[in-house]
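Spelled out, the chains give:
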Amino acid sequence: MSYSNKVIISMVINNENYDDLTVETRQHLGDFLRDLGFKGTHLGCEQGACGACNVLVDGESVRSCLMLAVQANGKNITTVEGLETSEMEIVKDCFVKNNAMQCGFCSSGMLMTTYEIIKSKRKYSREEIREMISGNYCRCTGYQAIVDAVEDSLNKINVGM
Amino acid sequence: MKSPAFSYYEAKDLADAINVKKTDDDAVILAGGQSLLPTLNMRLSNPSVLIDISEIKELREIKIEDGFLCIGAMSSHSKVMNNKDVNEVLPILCKILSQVAHPAIRNKGTHGGSVAYGDPAAELPAFAVLVDAQIVLSGFSGERIVSAKEFYKGLFETSINSDEILTSVKYPINQNNKQLFFDEITRRHGDYAMAGLVGSIVQKNKINEEINFVFFGTGDKPNEAPKTCEYLLNNEYNYTDIKDILKTDIEFASDISSSSDMKAHLSAILVGRMMKELN
Ligand SMILES: Cc1cc2nc3c(=O)[nH]c(=O)nc-3n(C[C@H](O)[C@H](O)[C@H](O)COP(=O)(O)OP(=O)(O)OC[C@H]3O[C@@H](n4cnc5c(N)ncnc54)[C@H](O)[C@@H]3O)c2cc1C
Ligand code: FES
Ligand code: FES
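In order, the protein sequences belong to chains F and W. Under this note's numbering, the first residue of the first sequence carries the number 4, and numbering increases by one thereafter. Under this note's numbering, the first residue of the second sequence carries the number 486, and numbering increases by one thereafter.
Since the hints were derived computationally from the structure, they do not count as laboratory data. There's no promise every hint is true.
[Stated by the list, open to error] Here are some of the chain F residues that sit facing chain W, going by a computed Cβ distance under 10 Å: (1) Tyr6; (2) Asn8; (3) Val10; (4) Ser13; (5) Met70.
Here the structure is a predicted model, which means the values were calculated and not measured. Note that beta-carbon positions come from the ideal geometry of N, C-alpha and C, so glycine has one too.
Using the sequences provided together with the hints, build the complete structure.
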């Protein structure tokens, strides 16, 4: 049986429709998004280890290097450029205030994981925050400042209080 | 690196997926892709077509039936972890899954994918062997059930035939007051374990009547340890003896994280922790 190595797909990215785009079946979502200009999605390892490439698919964080663009056909994608809910604005502020980003390479992925933390609407100990962000490498901050930022965000958003 | 070229096929239903698999030896099932896509990105394999089974609704069911917790192959780790029935009848599974990878990977990675792939360092295959889960396979000539103890043959080798798809895993519940344990040693939360242990113990009047251990991250597949368990029925835990006996039960295999002796050491430590938790 033979199938095509190219397909035509459509999806919603940051609330805008992207229709009838031709994509190679082997291309992963991370490369696809970057080719479209969403350069906030960073690619580090392309093996699932670093978490820099995390984006939201239908509101859940996923590794964009471990999902094919064709698998995102018909789905709703949010990249860091589109993380604009009032809660995420608070989170971004907290990241800046707590110096939770230096080079910024890990930050979009960290924000996606923080989105999951906020979404679960419960309290987190610092230890639990560390567990949640354990899938995101940061080579600059030493993590302390990131845990501070997530904790600060949770306090400001009053999650689970 | 980028993956080699392959084509993509979205299966309409189970029969459709099996049909494509049957007609093409180089076709590969794509479940959550969390193990498959890294290997493709590293160009470790070269499939002709990926058969995506994620739209097959019947593979996503989680239900309790005839004394079994049945988990559909395409249930994501996150869905299983947060499922009410699973939390009620087999809470240990939720505890185990919280240590499987990281949130973004758990959102895509599937129960069936993990059990079918049979990574010797993975938690779920070891747990399936411990409780002797029933693994349901569907192929061209129909459905069959393989017990987890028979399922794992060797390194990434299982008894799935080339035209078969794993459709669900059935875990027995209410097992004669068996207490279930899980523990592992990792370098980073969510990483594959350097060594891990799932165990079950039946006690009567504080006396251990039955002990079962299955280790992961230790050898070429989930490793049972009958001699160690037998020893512990009649003797107190003692690190040196346990490490020695474990070495007769399991052919410890080194990996990038640790030597085989280190694996034996960590396994003996895990047994000690488990016996302590029990007392
Ligand atoms: C960074 C990282 C860390 C991880 N850490 C852990 C960990 O600590 N513990 C752990 O257990 N796992 C870990 N994983 C793996 C993860 O749990 C995977 O989701 C899982 O092993 C495979 O499931 P999948 O649905 O992604 O399968 P896929 O990647 O889609 O498939 C894997 C293989 O199984 C076959 N397959 C899949 N489903 C079926 C089916 N229903 N029938 C027949 N064949 C099938 C595929 O053809 C393929 O060969 C990690 C992954 C990453 C990227
Ligand atoms: S680039 Fe996707 S996890 Fe590292
Ligand atoms: S800020 Fe540089 S990697 Fe995290």
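Evaluated hints:
1. Taking 10 Å as the C-beta contact cut-off toward chain W, the hint placing Tyr6(F) at the interface holds, the least distance being around 4 Å.
2. The interface hint given for Asn8(F) holds, since its Cβ lies 5 Å from the closest Cβ of chain W, which is under the 10 Å cut-off.
3. Satisfaction of the interface hint for Val10(F) is found here, the shortest Cβ-Cβ separation to chain W being roughly 7 Å, below the 10 Å cut-off.
4. Violation of the interface hint for Ser13(F) is found here, the shortest Cβ-Cβ separation to chain W being roughly 14 Å, above the 10 Å cut-off.
5. Interface hint status for Met70(F): upheld, as the beta-carbon distance to the closest one in chain W is roughly 6 Å, under 10 Å.
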